[in-house]
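J.: If you're matching them up, the sequences are chains A and B in order.
Sequential numbering from 999 applies to the first sequence in the working numbering.
Sequential numbering from 999 applies to the second sequence in the working numbering.
Hints were generated in silico from the structure; no laboratory data involved.
Possibly wrong hints are sitting among the right ones.
No distinction is drawn between identical chains; accordingly, a pair holds when it is met within one copy or between any pair of copies.
Stated by the list, open to error - With a cut-off of at most 25 Å between alpha-carbon atoms, the simulated DMTMM-like pairs for lysine to aspartate or glutamate come out as follows: (1) K1021 x E1405; (2) K1025 x E1233; (3) K1021 x E1293; (4) K1025 x D1186; (5) K1025 x D1129.
Protein chains: 2
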Amino acid sequence: MSGEPRPHVVIVGAGFGGLTAAKALAKAPVDITVIDRRNHHLFQPLLYQVATAGLAPNQIATPIRSILRDQENARVVLAEVSAVDPARKRLTVGARSLAYDTLILATGATHAYFGHDEWAPLAPGLKSLEDGIELRRRVLTAFEAAETACDADERRRLLTFAVVGAGPTGVEMAGAIAELAHRALTRDFRAVREAMARVLLIEAGPRVLPTFRPELSAYTGRALEKLGVELRLGEAVTAMDEAGLTLGGQRIEAATIIWAAGVRASPAAAWLNAPADRAGRVEVAPDLSVPGAPEVFVIGDAAHLTDAAGVLVPGVAPAAKQQGEYVARLIRARLAGRPAPGPFRYADFGALATIGRAAAVVQLGHVQLRGFVAWLFWCVAHIYFLVGFRNRVQVGLDWLWSYLTFERGARLITGALPASLNSHVAGACDCPPS
Amino acid sequence: MSGEPRPHVVIVGAGFGGLTAAKALAKAPVDITVIDRRNHHLFQPLLYQVATAGLAPNQIATPIRSILRDQENARVVLAEVSAVDPARKRLTVGARSLAYDTLILATGATHAYFGHDEWAPLAPGLKSLEDGIELRRRVLTAFEAAETACDADERRRLLTFAVVGAGPTGVEMAGAIAELAHRALTRDFRAVREAMARVLLIEAGPRVLPTFRPELSAYTGRALEKLGVELRLGEAVTAMDEAGLTLGGQRIEAATIIWAAGVRASPAAAWLNAPADRAGRVEVAPDLSVPGAPEVFVIGDAAHLTDAAGVLVPGVAPAAKQQGEYVARLIRARLAGRPAPGPFRYADFGALATIGRAAAVVQLGHVQLRGFVAWLFWCVAHIYFLVGFRNRVQVGLDWLWSYLTFERGARLITGALPASLNSHVAGACDCPPS
Chain A
999 MSGEPRPHVV
1009 IVGAGFGGLT
1019 AAKALAKAPV
1029 DITVIDRRNH
1039 HLFQPLLYQV
1049 ATAGLAPNQI
1059 ATPIRSILRD
1069 QENARVVLAE
1079 VSAVDPARKR
1089 LTVGARSLAY
1099 DTLILATGAT
1109 HAYFGHDEWA
1119 PLAPGLKSLE
1129 DGIELRRRVL
1139 TAFEAAETAC
1149 DADERRRLLT
1159 FAVVGAGPTG
1169 VEMAGAIAEL
1179 AHRALTRDFR
1189 AVREAMARVL
1199 LIEAGPRVLP
1209 TFRPELSAYT
1219 GRALEKLGVE
1229 LRLGEAVTAM
1239 DEAGLTLGGQ
1249 RIEAATIIWA
1259 AGVRASPAAA
1269 WLNAPADRAG
1279 RVEVAPDLSV
1289 PGAPEVFVIG
1299 DAAHLTDAAG
1309 VLVPGVAPAA
1319 KQQGEYVARL
1329 IRARLAGRPA
1339 PGPFRYADFG
1349 ALATIGRAAA
1359 VVQLGHVQLR
1369 GFVAWLFWCV
1379 AHIYFLVGFR
1389 NRVQVGLDWL
1399 WSYLTFERGA
1409 RLITGALPAS
1419 LNSHVAGACD
1429 CPPS
Chain B
999 MSGEPRPHVV
1009 IVGAGFGGLT
1019 AAKALAKAPV
1029 DITVIDRRNH
1039 HLFQPLLYQV
1049 ATAGLAPNQI
1059 ATPIRSILRD
1069 QENARVVLAE
1079 VSAVDPARKR
1089 LTVGARSLAY
1099 DTLILATGAT
1109 HAYFGHDEWA
1119 PLAPGLKSLE
1129 DGIELRRRVL
1139 TAFEAAETAC
1149 DADERRRLLT
1159 FAVVGAGPTG
1169 VEMAGAIAEL
1179 AHRALTRDFR
1189 AVREAMARVL
1199 LIEAGPRVLP
1209 TFRPELSAYT
1219 GRALEKLGVE
1229 LRLGEAVTAM
1239 DEAGLTLGGQ
1249 RIEAATIIWA
1259 AGVRASPAAA
1269 WLNAPADRAG
1279 RVEVAPDLSV
1289 PGAPEVFVIG
1299 DAAHLTDAAG
1309 VLVPGVAPAA
1319 KQQGEYVARL
1329 IRARLAGRPA
1339 PGPFRYADFG
1349 ALATIGRAAA
1359 VVQLGHVQLR
1369 GFVAWLFWCV
1379 AHIYFLVGFR
1389 NRVQVGLDWL
1399 WSYLTFERGA
1409 RLITGALPAS
1419 LNSHVAGACD
1429 CPPS
């Protein structure tokens, strides 16, 4: 870095938005500090595969430092931000404060339980790598416990998986668990008979994949049912405990509940004391800056914007990347004294979701794909967007291997056994072998 | 399994010994229950590579269920054993009890701190996958914290790694950390200058690799010094706290301490109320049975035996495997009414240890190898013994990739940042960029 002080751009969060902004400022005459509380960028679209033992955590995560290794004007700091003072242009990192000239908050989102925060430990969501590892542990441990449970009711409860929310993550989780239960694990778990495992996909709205076209939702619903997933549409979860949940007045015994229903923005709005929507997203100006603080930008899942074309920008990776690009362009224009670009517009290139082995839905403008062709497209697109040559090769080989063998390559349970399940497992040892 | 009850062989622990015994009983007219408190068999010889971010956890661990998938007479139970009653031939698993006809305890060993159990959280050892992941987190977090530390003394402390114990694990850890510090990470950590990282290998005895021939010890010592490892031989750690340790009266500030010094057997001896050596190993009869309980066997790291040839059987994987084979042969002979095999004899096929990139030592009977040839031999041998075709391919490709690029493929920090390091990281944000 040069000796002369240059404008300091601080980027909080190295997800899709923050990382794109940092890279798009590579040639700009600025010093960049990227702060993240994790050392890795996570490729969230494949996190459900970590949760279902298909991929290993390191295959979808890359050290932020490695990604920005060759970018001379960027440094990476592993730390947690706790406050922002827009008036003094400083942010609080741990016990000290850091000055910025321009601030980009790309802090993402977390799970929302719609006023039922007590459900969080009962029904974990899927945002971080730790979430993925924890869900993998719960799913695999449920199969282990079921294998040795003596009581038929208890075995049925252990083999009941409820996924709440039928957006892409919920659909992908339900499909992947159904494949685990009915294909990948049946050879290893002798007492777990195919027909017994029950996978529920619960959605309060009338159809799965509500943001997709109705035809694709209908196809996805049928494909999931073919995989053995039980769809519960138009029904809401009203109660939950360690043994199961209540759905439209009906009690369902289920050992594993997965939350894919609600998203709540990280506390960027609270830091800034800025107006926010119900999900906690900062209501940003058309140029993604914070009203009253033109040198502070909020992008990605932490921002709420209806763009210049009247489109509500969705909380997806392509939108976050486009916003990162846009803010970098705006910063470069300001530094060069050029006129700022026009207001941000989201370019919707489509959406895709995988349903299971060799089935997916793809919606690209007027083009729709479904089935095997869509699944191939989905595989290629995800490998293409994955960060790092090595991860791409590994994931490609792993998928090929899983496709051919029906195996799952990352069936690890780490950490202590949950006490509740451990007692079932242990209690079951005296069963006669089946 | 047949309807008629067959003798029930219970094997506790699916490490090298237990798994070998289970497989060697595949054709025997018995029902086998393998109990382990983890769902995976761990290839411990490569665990140091997980701790130093070279390999991912799933690459050296395989579900026990998958390994025994095709063995009709074996079932696998994920549970924790807490007691054995040899008089009633039952063992306690959780809250209930399980009857056995023959019991094989292959429960392995854990770390021993020689009366300093308070050192355990300060200087974790390396036995389980969780240990490996925790050490990886500590090592990588130390580099992250050093990167942003302002104070030079503090940075030096953060970049000081002390490995206690210079057996194969200690040598391998010290060499791998030195390579991380001086090669693999230097491109990503700008403020971490090569010369600053300090790796100490501490050994109370007079030489590294004390069980190897003196020439190989000497070669290994020189090779480690070439890698930048500081050898501290003939010195013992006398005190330890969160900031460092005392070594022969000298205080050394070190953020990361790794324990590779002592081993203590799992509580098999306590369960059996059997005589044990100082390390807690059961003093077994020449046929590996427990004196007074001929249907109970203890094998591997949990057993102490001076064999028929007068050799003290070492706590290494080949010895555990040979004992597993031996006990299976003895059980088959008893069932068939054939005379029991003669007392157990350990066949020492040699020992090997890797020092770092392209250097290792191998001792096979009268043959000694060192340097690159030994390293190639080490690589081939470890891939050969690794369980599972897929793991072999992956590890082979990963090693090739690391060899060519100097990269490490599994640089993940998961879990919360340690509070102590987090404060350093956070406190350092206001440093001028270096």
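J.: Looking back at the numbered hints, which does the structure fail to meet, lowest number first?
T.: Hint check: 2 and 5 fail, others pass.
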